[in-house]
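Colleague: Read off the chains here:
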Amino acid sequence: MSTLVLDQVSKHFGGVVAAEKVSMQIPPGRITGLIGPNGAGKSTIVNLITGMMSLTAGTIRLGDRDLTTTSPHEISRAGLARTFQNIRLFKEAPAIDNVMGGFHRHEDSSLLASILALPSARAETRRIRARAAELLERFNMTRYASFPAGGLAYGHQRRVEFMRALASQPNVLLLDEPVAGMNDVEANEMGVIFKQLAAEGMAVLLIEHNMRFVTRLCEYVYVLDGGRLIAEGEPKKVIADPAVIAAYLGT
Amino acid sequence: MLQLFIAYQPLIDLFLLHSGLALAQYLVLRAGVFSVANAGLTAIGAYLAAGLTLKAGWPPALTMVLGAVAGMLVSMLLSLPLARLRGVYQAIATLAFVQVVLSLNVYSESLTGGAMGMNGIPKVVSTWTLLIALAGTLYIVWAINQTRLGRAFDAIRQDETVAASLGTSVRYYQTVAFALSGGIAGFYGGLEAFHSYSIEPSRFGFEFVVAILSYVVLGGRRSIWGPVVGTAVLLALPELARPLAEYRTLVYGLIMVLVMGYLPRGVYDTFVEYLYRRRIARMDRAAMAQSQGDAP
Amino acid sequence: MIIQQLLNGLIVGGVYALFAIGFTLVFGIHQVLNLAHGAVFMTGAFIALYSVLGGWPLWAGFLLAMLGSGLLSVLIEFGAFRKLRKSGPLELEFGAIITSIGAGLAIMAVAQKISNTQIMRFPFETMPVVIFEFFGLRVSALQLIMAACAAILVVGITAYLYRTAFGRQVRAVAGNERAATLVGVNPNFVYFQTFFMSGALAGAAGVLVGLAFNSIHFVMGEPYLLRGFVVVILGGLGSIPGALLAGLLLGMMQTLTVAFLPSGLTDTIIFSLLFLILLFRPHGLLGKPEAGAMRGR
Numbered sequence: 001m002s003t004l005v006l007d008q009v010s011k012h013f014g015g016v017v018a019a020e021k022v023s024m025q026i027p028p029g030r031i032t033g034l035i036g037p038n039g040a041g042k043s044t045i046v047n048l049i050t051g052m053m054s055l056t057a058g059t060i061r062l063g064d065r066d067l068t069t070t071s072p073h074e075i076s077r078a079g080l081a082r083t084f085q086n087i088r089l090f091k092e093a094p095a096i097d098n099v100m101g102g103f104h105r106h107e108d109s110s111l112l113a114s115i116l117a118l119p120s121a122r123a124e125t126r127r128i129r130a131r132a133a134e135l136l137e138r139f140n141m142t143r144y145a146s147f148p149a150g151g152l153a154y155g156h157q158r159r160v161e162f163m164r165a166l167a168s169q170p171n172v173l174l175l176d177e178p179v180a181g182m183n184d185v186e187a188n189e190m191g192v193i194f195k196q197l198a199a200e201g202m203a204v205l206l207i208e209h210n211m212r213f214v215t216r217l218c219e220y221v222y223v224l225d226g227g228r229l230i231a232e233g234e235p236k237k238v239i240a241d242p243a244v245i246a247a248y249l250g251t
Numbered sequence: 252m253l254q255l256f257i258a259y260q261p262l263i264d265l266f267l268l269h270s271g272l273a274l275a276q277y278l279v280l281r282a283g284v285f286s287v288a289n290a291g292l293t294a295i296g297a298y299l300a301a302g303l304t305l306k307a308g309w310p311p312a313l314t315m316v317l318g319a320v321a322g323m324l325v326s327m328l329l330s331l332p333l334a335r336l337r338g339v340y341q342a343i344a345t346l347a348f349v350q351v352v353l354s355l356n357v358y359s360e361s362l363t364g365g366a367m368g369m370n371g372i373p374k375v376v377s378t379w380t381l382l383i384a385l386a387g388t389l390y391i392v393w394a395i396n397q398t399r400l401g402r403a404f405d406a407i408r409q410d411e412t413v414a415a416s417l418g419t420s421v422r423y424y425q426t427v428a429f430a431l432s433g434g435i436a437g438f439y440g441g442l443e444a445f446h447s448y449s450i451e452p453s454r455f456g457f458e459f460v461v462a463i464l465s466y467v468v469l470g471g472r473r474s475i476w477g478p479v480v481g482t483a484v485l486l487a488l489p490e491l492a493r494p495l496a497e498y499r500t501l502v503y504g505l506i507m508v509l510v511m512g513y514l515p516r517g518v519y520d521t522f523v524e525y526l527y528r529r530r531i532a533r534m535d536r537a538a539m540a541q542s543q544g545d546a547p
Numbered sequence: 548m549i550i551q552q553l554l555n556g557l558i559v560g561g562v563y564a565l566f567a568i569g570f571t572l573v574f575g576i577h578q579v580l581n582l583a584h585g586a587v588f589m590t591g592a593f594i595a596l597y598s599v600l601g602g603w604p605l606w607a608g609f610l611l612a613m614l615g616s617g618l619l620s621v622l623i624e625f626g627a628f629r630k631l632r633k634s635g636p637l638e639l640e641f642g643a644i645i646t647s648i649g650a651g652l653a654i655m656a657v658a659q660k661i662s663n664t665q666i667m668r669f670p671f672e673t674m675p676v677v678i679f680e681f682f683g684l685r686v687s688a689l690q691l692i693m694a695a696c697a698a699i700l701v702v703g704i705t706a707y708l709y710r711t712a713f714g715r716q717v718r719a720v721a722g723n724e725r726a727a728t729l730v731g732v733n734p735n736f737v738y739f740q741t742f743f744m745s746g747a748l749a750g751a752a753g754v755l756v757g758l759a760f761n762s763i764h765f766v767m768g769e770p771y772l773l774r775g776f777v778v779v780i781l782g783g784l785g786s787i788p789g790a791l792l793a794g795l796l797l798g799m800m801q802t803l804t805v806a807f808l809p810s811g812l813t814d815t816i817i818f819s820l821l822f823l824i825l826l827f828r829p830h831g832l833l834g835k836p837e838a839g840a841m842r843g844r
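Residue numbers (this note's numbering), protein chains in the order written: chain Z, 1 to 251; chain A, 252 to 547; chain G, 548 to 844.
Bear in mind the hints are in silico, worked out from the structure with no lab data behind them. The C-beta atom is built at its ideal place from N, Cα and C for all residues, glycine as well.
Restraint-style ranges between C-beta atoms, simulated for each label pair:
1) A:491 <-> G:702: 46 to 54 Å
2) G:730 <-> Z:63: 53 to 61 Å
3) A:328 <-> Z:8: 35 to 43 Å
4) G:806 <-> A:254: 55 to 63 Å
5) A:491 <-> Z:110: 41 to 49 Å
Sample of chain A residues at the chain G side, in silico, Cβ under 10 Å:
6) 335
7) 338
8) 340
9) 353
10) 354
11) 465
12) 472
13) 503
14) 504
15) 505
16) 507
17) 510
18) 515
Same shape as in the complex, but just chain Z (with noise of 0.2 Å):
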């Protein structure tokens, strides 16, 4: 597993600074935090990380690949995986089928096979089925397996876009605000999951609001404000940073 490098990334919009000369680096093996008041940029660092946003400077590695241009779905393939802040799924069609939608990286049958609904195809299909559900049960979400993805509850909705991007089984996975309008029990259950992930090797990039949460589960924190990195270090060090502490209280 390698691990996730930015080097001097800068972003701006015409005259707007979205991000600048902002160097981190998301190792596997354990959960890196980014905070920051509302509006620092770091949605937009995420966005630039996936390939929906191009840079204007600096580079972004996994491990000896430059992913710095590349474009979305092959930074997907690469093996990276994201959350949306303002959860992005497909409102209309069933649970199920929204986390199949993670899987799409895997799938490998061929075109011809498609358009002929070969059996190799179809099982393909049945197989993807069978782990989407898999991964319901494991969230205990079975039951809304049919629903319209767009009816279910705020925190059912975060969980489905959660197991999307664990569909993938990616190397990389990057959490923006996953656990936002769920109750304490709720965030801490997904807290011991994302430490779980953690612990299996995988990269974790944790966007949260949260501090107490923030403070549990991360190793290492970046806080970033109106686009620049004013501090990074161990959770309680940073929180206790006056730069920190006056970037969010707006001084």
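Chain Z is already provided as a structure; the job is to place chains A and G on it using the hints.
Modeller: Okay, now just chains A and G, sitting in the frame of chain Z:
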């Protein structure tokens, strides 16, 4: 029974032909591509097939396949510039393509017979052929539903960005959609040519675009039976309104307005969705009852 | 010779502009393509014709045509588009196209019945055939009237949209309907206005075209609808000055190609142009740049 069939054969043939064309249109729409280029691709398939048979004496079976190949290739070529456009812009660009094909067709009199078109095309295609063709087309569309193609198309259509973030190459799949749709359209062009004795450019213009699009939107754009149902509705209803034969176009237009107003998802899709919602509601009630039963 | 053609083209372009302005106005505000626009155009011609046949003076017929077309357009909005608005934007996009096509077909069917599928003409005395000559150029009275009408209407619409309170409301809804309603704008009234104006302009164009070619029949709107796409895209979807500019340009281009190139090629050239514009500059001459293309990187 046989009498009925013979009396309605032209209508049945028309239904079979148009359903196939509607399914081809449905294919691109399903992948999130708003293309109406099929009118032009059908024309290319029709003229190529008829032209090669009439002028070079090649067997219709061969020329129809060639028509399909031509439709597929031109469609794939079109997908390149169209990849940058979305929504109505894509639609208008493909409409422009249809008009260019139409006007070039009329202009190249020596090749295509100009506005008069081609005549004396042997009627090789029977109702049976059309039936088999439709079955084949339905099979392909059903196959897409069962495999990763359908999943990819649906993902791309619903949210391109998310689809890309899941590893789906939008370009690749939309090209596949263009290729399949164009190939089927080209093939059906050949079927039309060898079924109707003659073809002329006006048949593949704006009216064609409107008619085929209507079948799909009216019947339903999600399920595979939607386009077929839409074709049936739009072809059959004016027939049923025989006494109002003079007002066929009026009926046609009003059907379109009313169905879109009350069933915007399409006749068949609305029905499918209704069944789905009922099933979900039932499951929900059952689960509720169960959990209440568990509680003391 | 070329200048004469350009002049002719300018007049033709003025009519294209009238047609296109209404089309783009509706798209800019409601994000829908009203494909019944061609039928409304045709209705204008019909109303004027029947008025004149009924003994009314031409100018009255013209005004009546504008009124009637405007109301017809509003009727279409009310009967066809209004319900669709409630479903999502995607349903609206597709649904609007089919509904407006349906409405157009229905209107044309009625017109066909009324006119008995005949091609009709204005009575001979309706428009005096007077030709003026200056600087070696020939202009007919009809052409002058067409130019004058087009100019007056365009100026009128622009003044209305940019100088009056109502016009401001229309532009507000175009920008952001939700926000506009929050500040007290009644969207239904705005819909009424925009569709009315759009229809009135199309009707006016229909009368002018009916006079110019002296041929009025129930399918006369279709080629104009297709040309309308070209004008609207060339000018930039949603831009009224764009529609004006593009209309004039297309008019000139059309007359030049007809005059100097083999006649069959005119359509090929015009629609190839449309395709190329969409390829390289989908927002046209004066449209907003984010339109049309997607591509994140």
